[in-house]
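S.K.: Letter by letter, the chains look like this.
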Amino acid sequence: MSSNVNLHITPSNVLSSGKISYKAGNPVIQFIVGEQDRLLLGNSIRVCGKFNIWKNAIGTTIPTSADNLSMDERTGVYATIDQLVIKSQATHQVIEHIRHYNRFMASYLPSTTSQQDGVGHLSETTLSLPNYNIQKLSVVDMEAGHTTKNDFCLHLPCGLFNGTQGIPLSGSGGVGGLLIELHLAPDNNVLYDNKATSVADALTDSYYEFSDVFLACEAVEDVRPPGQTSTFEYNSVSSYFASINSTNAIINFNLGLSRVLGIAMNFLPSFMINNLDYNGMTTGPLTNKDGRNCNIKQIIFTRGGQKYPYMYNLDLEQQDVPTQLTYDPVFIRNSLDATKSFAKTGRLQATTRTSRLDNPGAGPANFPIGTGTGQLTKTAEGGPTYTLGVGFDSISNQGISFSTESFGLNLITELTSDFPHACFVFAHAKNTLVFGPGGVQVLN
Amino acid sequence: MSKVQSGQIPDLLKIGSIPVNTAQDVETSVLEPVVHSDTFCRFVFQNKGILHSHSKIEFAISPPDPTQFAHAFPLGVGVYALIDRVALKCGTKTICEIEDFANYYAYKSMFVPNEHNKEREALLNGRAVALRPAYDDGADTAGVSQGGGESDSQAVGLEIDFTNKYSDTNEGTANNIDVRNDLSKDLQLGDQHSGPSDASGAQNGWQVSLSEICPFLKMNQLPLFMIKEQVSLEIHFTKDAGSAIAGLPGGNDGGSSSNMRVIAKPNTSQVGSSPIQTARTRLVADYIFYPQELMEQYRNANKNMSFTYVDYRLSKMSVSPTDLQAGMIRNLGGAGRIVSKVFWGLQDQEHNGTSLLHNYYSQSPLRDYDNGNASLRRNGTATMNIKYNDNFLYPIDVENQARHFHNIQQTEGLVPFVNRECYSAEGRSLSTRQVWGRPLRSETYTTASSRPQLSGQFNWYAMRLNKNERINSRGIELYFKYSDVPPARKIGIANPPTADGRGYVQRAWLEVIRTATLTDGYIQCYYA
Chain A
1 MSSNVNLHIT PSNVLSSGKI SYKAGNPVIQ FIVGEQDRLL LGNSIRVCGK
51 FNIWKNAIGT TIPTSADNLS MDERTGVYAT IDQLVIKSQA THQVIEHIRH
101 YNRFMASYLP STTSQQDGVG HLSETTLSLP NYNIQKLSVV DMEAGHTTKN
151 DFCLHLPCGL FNGTQGIPLS GSGGVGGLLI ELHLAPDNNV LYDNKATSVA
201 DALTDSYYEF SDVFLACEAV EDVRPPGQTS TFEYNSVSSY FASINSTNAI
251 INFNLGLSRV LGIAMNFLPS FMINNLDYNG MTTGPLTNKD GRNCNIKQII
301 FTRGGQKYPY MYNLDLEQQD VPTQLTYDPV FIRNSLDATK SFAKTGRLQA
351 TTRTSRLDNP GAGPANFPIG TGTGQLTKTA EGGPTYTLGV GFDSISNQGI
401 SFSTESFGLN LITELTSDFP HACFVFAHAK NTLVFGPGGV QVLN
Chain B
1 MSKVQSGQIP DLLKIGSIPV NTAQDVETSV LEPVVHSDTF CRFVFQNKGI
51 LHSHSKIEFA ISPPDPTQFA HAFPLGVGVY ALIDRVALKC GTKTICEIED
101 FANYYAYKSM FVPNEHNKER EALLNGRAVA LRPAYDDGAD TAGVSQGGGE
151 SDSQAVGLEI DFTNKYSDTN EGTANNIDVR NDLSKDLQLG DQHSGPSDAS
201 GAQNGWQVSL SEICPFLKMN QLPLFMIKEQ VSLEIHFTKD AGSAIAGLPG
251 GNDGGSSSNM RVIAKPNTSQ VGSSPIQTAR TRLVADYIFY PQELMEQYRN
301 ANKNMSFTYV DYRLSKMSVS PTDLQAGMIR NLGGAGRIVS KVFWGLQDQE
351 HNGTSLLHNY YSQSPLRDYD NGNASLRRNG TATMNIKYND NFLYPIDVEN
401 QARHFHNIQQ TEGLVPFVNR ECYSAEGRSL STRQVWGRPL RSETYTTASS
451 RPQLSGQFNW YAMRLNKNER INSRGIELYF KYSDVPPARK IGIANPPTAD
501 GRGYVQRAWL EVIRTATLTD GYIQCYYA
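First to last, the protein sequences are chains A and B. The first sequence: position 272 = 272 (the working numbering), numbered continuously. The second sequence: position 353 = 353 (the working numbering), numbered continuously.
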């Protein structure tokens, strides 16, 4: 007989109103999964609640289709989570910490789900839909926003919760309970004016709000003898940030990870971060200040100063044919390899319309930005899926060590205007969690 | 010949466990039913080889009016709408049996990915609820209300992704510039879907899979060569129209004599029954054979076999909207059984062939987005929990619709491929485009044709009983409460109808664990 139990955990830091918003000064939602002799089933963890968007500061007006207020259609509620932190409740030791979690999801979702997932189950659970206008009509302009609001029920993809092993919550021979923190993103990085005229449209006070938030999960009885030291292996995601503004963009990090499976990164013009006129979650290609294409012509990955895993330069199609407007297939394949082995990829959102370096729907210019006439977001099928990545080990699945050697990336681009781009880097690595009577230790 | 050890004999019934060098032969037999009427048919299998679980049964019907493209199978379940009850029998013993099969299959059909619905199911069995963004992809510069607003990136909502045969209701009018963009464009189902006779006089044929209608066969293959009794499959068909126009539209807003097999285009002038073409019903049975020596060894090594499988027990109850709002506790049964999951839905008894899904749907709580006071617009709520063995399954009753949706996923281990508005009627993600003049979404419940056809029509609930315990003598109790439900549909041909409807039916299925033993060629079945 198994003895599974369903747990219902409310946030430990919720206000008496039950409402949580970044604007009102509650940027962190914290859940405590208490110490108990059970194994927490990571894949059953869901953050549930109600989500609503208000147009005015006092929270009395719901946006309408006449307003230009939108949010990223692909990431949905994930756009609101800036950081995910998982700690041991007993020792407060950090087990996993993903910064720029929303940006990570912006690349993770198109690599693991399809457009039909977006039309279907993701629309119910994460409030994402594969078109910016449908998502706006359905979620942002929620007719029942004053009363019943948008229900959501969110899985938190991360190394610890994606694992198949139960997480021991016991204090002796386990993690001693878990502390799960969601750091919310600023309103102006979640919401945006789709005409880039937020001041004129009187949207500067708009904000998002959560209510009735709780964490639902399932746990099973831990039948292991107490007091034993045991290990738990999981895949983690570590995040890094850099910026590039050159035709020869160089990124170099000491990852400090010993079993790296892959590295993925996405880009965003820096001025679009926390800018209510622009979608801070979009994963478009590099662009020049005047909206001209900014092709990546060559990619070189290095490890400890040597080319790795490819012993050669990756010359993309745009090197020889700058007018080629679809992503190079090698570019797409490598980005998928970073998350999941390309050969095992079943569902993805990379299509001929989301893998373009231009945006036919936005008019004659390619991704015009800064002028307010078009946006990276007004694209079909959920928008661009421009993720640069590389997989290091899709055979043994044990990863490559970057503990003593640095990871490097050298890009030859056409970024000729002074237009800095933020570069969000995510390293997918294997970790080992050791726990026992002496406490918890994370081995990277 | 050297003696074969028992460990060397492969498990022939388990797909994937056969060594690759084992010769396998598949023989296909086309079986005619031994009994066939418009309400019932029975197939008897030949006791040879191993029955392949993906053997198929073919059906065809005669549309009520073969001169028109005016009838189709319900979009959610397709040809499975023909099946009311199905039983797999061995001798006089019933191995598995499902009642109200078409309703049961409306739930199961949610787990078919949209792309499969579009590319495979629509052709094999007529299921066609795949959605796609409806882009403003016209070429004119008129306003969106006239179908203009050129954009190949902006979508106005989701539409059914089945065929491009959309007609334009504004065609020929002064304002109509572009057919493709018209928000009122109207999907025409008939010719692709159930169609009239072609030049040879034949209607489309459809097929269902054995493993789909008999869950026993999803997990096991029947070793017919080891069974000494007659193995038969009995299918009871859903009700055909009782008379020339009973139940089908054309001004008729339904009633208890509805045709439960097809849906019809509104205002179809001549409607009637849709009988099954008995001459075209057949079972294409695949029998798997291995070398005789191997099969004999297998028979000798497995004189006593047991199969563990799941069977579904239906519990249904009429319930009025008033009772739903007051909240109820309902005993679903299951006492003394091991029940692994429960799923249930709510159907208006008068929901019939005037709707795209027919009666094979589940109604969500009422939503009111047309309230003149914007601050009172709302989605109704449904609060559920299950109590068994003196404990509630969830510590706090579940009300969040997304959590309900997640519970289905946890129950089945599969995600339902259902859009949010289709499931819980939350938000406006469906477009205003229509199918046969019927709106995909609507706030109006006064007439059959104005009711929402997809919005809030997939609102099934499921819960997994995760303790693997035997249910005690008190059985399983379902606690449920709806804040609002749409008014029950009314009987009569007046528009709007005047007589009161019969209210709602709540259908719940219990997945119970059963065991079958095969001893010396005879099968015995019992509850685990």
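Watch out, some of these pointers could steer you wrong.
[To be verified] Covered by chain B, per the in silico footprint, the following chain A stretches (three or more residues, Cβ under 8 Å): (1) 43-56; (2) 114-120; (3) 147-156.
[As the list claims (entries may be wrong)] To list a few chain B residues with every Cβ distance to chain A over 12 Å, as calculated: (4) His36; (5) Asn379; (6) Glu443.
Simulated from the structure, these hints should not be mistaken for lab results. Computed from a prediction, not measured in an experiment: that's the story for all the values here. Heads up, the beta-carbon is just placed ideally off N, CA and C, and yes, glycines get one too.
S.K.: Each hint: holds or not?
M.R.: Hints, verified against the model:
With 5 residues carrying a beta carbon less than 8 Å from a beta carbon of chain B, the stretch 43-56 of chain A meets the three-residue requirement, and the given coverage holds. Residues of the stretch 114-120 of chain A lying with their CB closer than 8 Å to a CB of chain B number 5, which satisfies the three-residue condition for coverage. Against chain B, the stretch 147-156 of chain A contributes 6 residues with a C-beta closer than 8 Å to a partner C-beta. That satisfies the three-residue criterion, and the hint holds. For histidine 36 of chain B, the requirement that its beta carbon stay farther than 12 Å from each beta carbon of chain A is met, with the minimum near 38 Å.
Residue placement check: asparagine 379 of chain B does not keep its beta carbon more than 12 Å from all beta carbons of chain A (closest about 4 Å). At the 12 Å boundary, the C-beta of glutamate 443 of chain B falls inside the reach of chain A, the nearest C-beta of that chain being 10 Å off.
Hint compliance for this structure: hints 5 and 6 are not met, and every other hint is.
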